[in-house]
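First to last, the sequence lines map onto chains A, B and C. Just so you know, the numbering used here puts 275 at position 275 of the first sequence, and the rest follows in order with no gaps. Just so you know, the numbering used here puts 185 at position 185 of the second sequence, and the rest follows in order with no gaps. Just so you know, the numbering used here puts 183 at position 183 of the third sequence, and the rest follows in order with no gaps.
Derived by calculation from the structure, the hints in this document are not laboratory data. Quick caveat: nothing in here was measured; it's all calculated off a predicted structure. Even for Gly, the Cβ is constructed at its ideal location relative to N, Cα and C. Please note that a few of the clues may not be correct.
What the hints assert, rightly or not - Just so you have them, the derived chain B footprint on chain A, three or more residues with Cβ under 8 Å:
id, stretch
1, 32 to 40
2, 92 to 105
3, 110 to 119
4, 223 to 230
5, 257 to 267
Unchecked claim - Beyond 12 Å from chain C on every Cβ pair, some chain B residues (computed):
id, residue
6, W4
7, G5
8, L13
9, M32
10, I152
11, L172
12, Y185
13, A196
14, V203
15, W278
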Amino acid sequence: MILLQVVVGGLLLGALYALFSSGLTLIWGMMNFINFAHGEFVMLGMYAALLAAAWIGGGPVVFGLTAALGLFFLGVVVYFALIREVMRGPMLAQILSTFGLALLLRYAAFWVFSPNFVTLPHPALAGTISLAGILLSIPQLVAGLAAAVLTIGMHLALTRTAVGSQLLAVAEDRNAAMLMGIRPDRMQALAWGLAAASAGIAGALMAISFPFSPAVGETFALTAFVVVTLGGFGSVPGAMLAGLIVGLIQALSAYWFGPIYKDVVVYGLFVALLWLRPQGLLGTA
Amino acid sequence: MTRWGWLPLAAALLAYPWAVAGSDSAAFLQDMGALVLLAAISAAAWNILGGYAGQISVGHAMFFGAGAYMPLLVYQHWQMPPLLGVPLGIAVSLVVALVVGFPTFRLSGHYFSMATIAVAELVRIVVGNWDFLGAAIGLQGPARARGWYDLIFRSAVPYYYIFLGVLALLLLVAWQVQRSRLGYYLRAVRAGERAARSLGVPVRRYKLYALMLSAGFTSLAGALYALKTGFVDPDSGLGILVSVQMIIIAALGGAGTLLGPLLGAMILVPLQTATNTWLGGSGSGLTYIVYGGVIMLIARFEPGGLLELWHRQVTARLARPGEVRHAA
Amino acid sequence: MLLSAEKVAKHFGSFRAVAGADLAVEEGEIVGLIGPNGAGKSTFFNCIAGDVAPTSGRVVFDGIDVTGAPAEAHARLGIGRTFQMPATFDDMTILDNVMVGAFLRHPRRGEARDRALEVVEMTGLKEQAGLRAGNLGTPGRKRLEIARVLAAGPRLMLLDEALAGLTPGEIQRAIELLRAIHALGITLVIVEHIMEVILSLTRRVLVFNQGHVIASGKPQDVVNDPAVIEAYLGRGHGGARR
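Model the full structure from these sequences, guided by the hints.
Written out as structure tokens, the structure reads:
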């Protein structure tokens, strides 16, 4: 029974990984660009929830919306102020740019919020629920389910709506999209906004059940890399599946080997993947 | 730079400890001099791979850490002189370099960067939980010198000259690389792998050469750090900020140039010391806010670094008429 | 036979970029490859040069099967190529670009430099040799690509639209350069849209359309072939074949 509980807990966390990783993979698919500050976007989403809880109050919906709006705006600003130019530059500039951004955001958060771990005040959701004999924390259940719905929603929005297909058209062939009258610049800005917003919501949802500090971003960035690699670069459905797998592996290794091993196992998996299947589970070489 | 342009620079570096000896804060300035040289060595080692070959490693701390841990490990467990651990550290680095480089060099540049971060973090977490390697507390060197071979000095000046010697060796190697087929091929790989291949460059093999050379010297830098401070823990030896410092110094001075890393270290290390002093310790993280800002500014406005900026100023002045000549 | 490509095909998913094409080139020939945009010429080139592995078929160079071998192995054996979109090393000088090519047969710096200087002289890039390649316009880059390949000492050069975007005066000079290169004993296969170039340089032309070779022969004959006219001008102009 405990094992089943661990499995469900891992899948719920994995849904959150899937949500923020799909943002990272979307940008990779469109622009062949890895955002090294993606984990910091998740971290900022957590602090956005903290600020929302302090100033506005309300529950997860308010927190999530605050984080989504704030980070969407940040993502668009980052695109126009930094990425658009850097894209045309050498590889060094591409990698340095978001790397510098990550450092800046992480240590700015250190400075503003202090390096200590915090939790949201006045838990909006609390308690546990017993489902078919498994005890689940309500905040985790809500967060995980919301993340799953949002990730699937994002996938549907990309594949079923006009704007989504324009985004994918730019990802497929930039020049062809331009000939069709799509402006790649706007679409890429939108993608950065969406990616940052997905990271932000995921952060806000995790904030309702886990304590956090400015340093958590690095772990999330690495988790997202593993998920994106596992799911195949640029594939949102791949990220969904891989997010669940990574969450599950983490939960099981923490349960079997002890908490410190949960990251070791995941990073180890990443290294193994490099050797065996660098194109990802669902990807093609 | 002209043929003998480096001579004044070499003379200034040789004379520095002696020149500041009369100052009130001579010990502080000499120590900072040694730190500048050490940072320059790490950055110049990173530069072989990240600068010349354009493969941006964000995990060079693992090589630095291997170099820093091994000397202290042989002392801690077997009371051997730390110096004996230096080749061991280099050997470990080369093995790790092969393990990471071989699979990742098949794929694009971003992938290599991601892989290096992940492996470096993996190494940091494992070492931080491994009692044999001191776990979270780290390792210590001998408290007092048992003989010359422990390389323990009260003053920073002997370290300064040891570091200067290693830096000179490294720059000589880098200069030879730059002029040789290896250097040309690496720059071709950075500029365009597909075109490089079409001209007969075995791209993956040359990237591996660059990685091995770079990892070996980074490991040596780590060893020098451990010999000087006599102490290493997971953060100081393997933390991501160790890698970040190498990258930012090389990029600030000029990635892919011979003297860029030294220039970057001469600017950034004193700046870091100053921000730590003025802004109240490194704990507040303000130094890294500045770091992050500097990195972004370089990436956005001057990816070639300060030397590129200078180079452009000079060539613009020399070749103003007909600068954009079109050849047929 | 210097080069023979047999039934070479390259599929991207369900799209057949090259659907079984043959090409045989004798040492010392200049062969032209023409066809409308998207006909698969560049992909065919990429298969021959080892840039992509063909899905099926065989490429034999000078008696050695090179199918699926990496591009650098092709270069070492003596197959040189230029790119449709010039891929010069933009932050290196023109001389250094050419030296990268020269290092293939001359591992020592001094010799590579001497060889590169000769090539730069021959290709008319001597004046700009110290400039960064990024400063060149498209015609200059195309010339630099030719120089770079030449320095690598090829026996066969594959030129992918090396003359596109040039002014008529530049085209004349480029044709002279290609003649000079041919006079060194190097075999040439050229993809080109400019008929003037094809007519003045080649004795034999292959016409590509939709991944197939649809015609081959003397350039004068080929341009009058109804299938070729149809391929270029679309259905309805050259009769209703296929």
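Hints the structure fails to honour: 12, 13, 14
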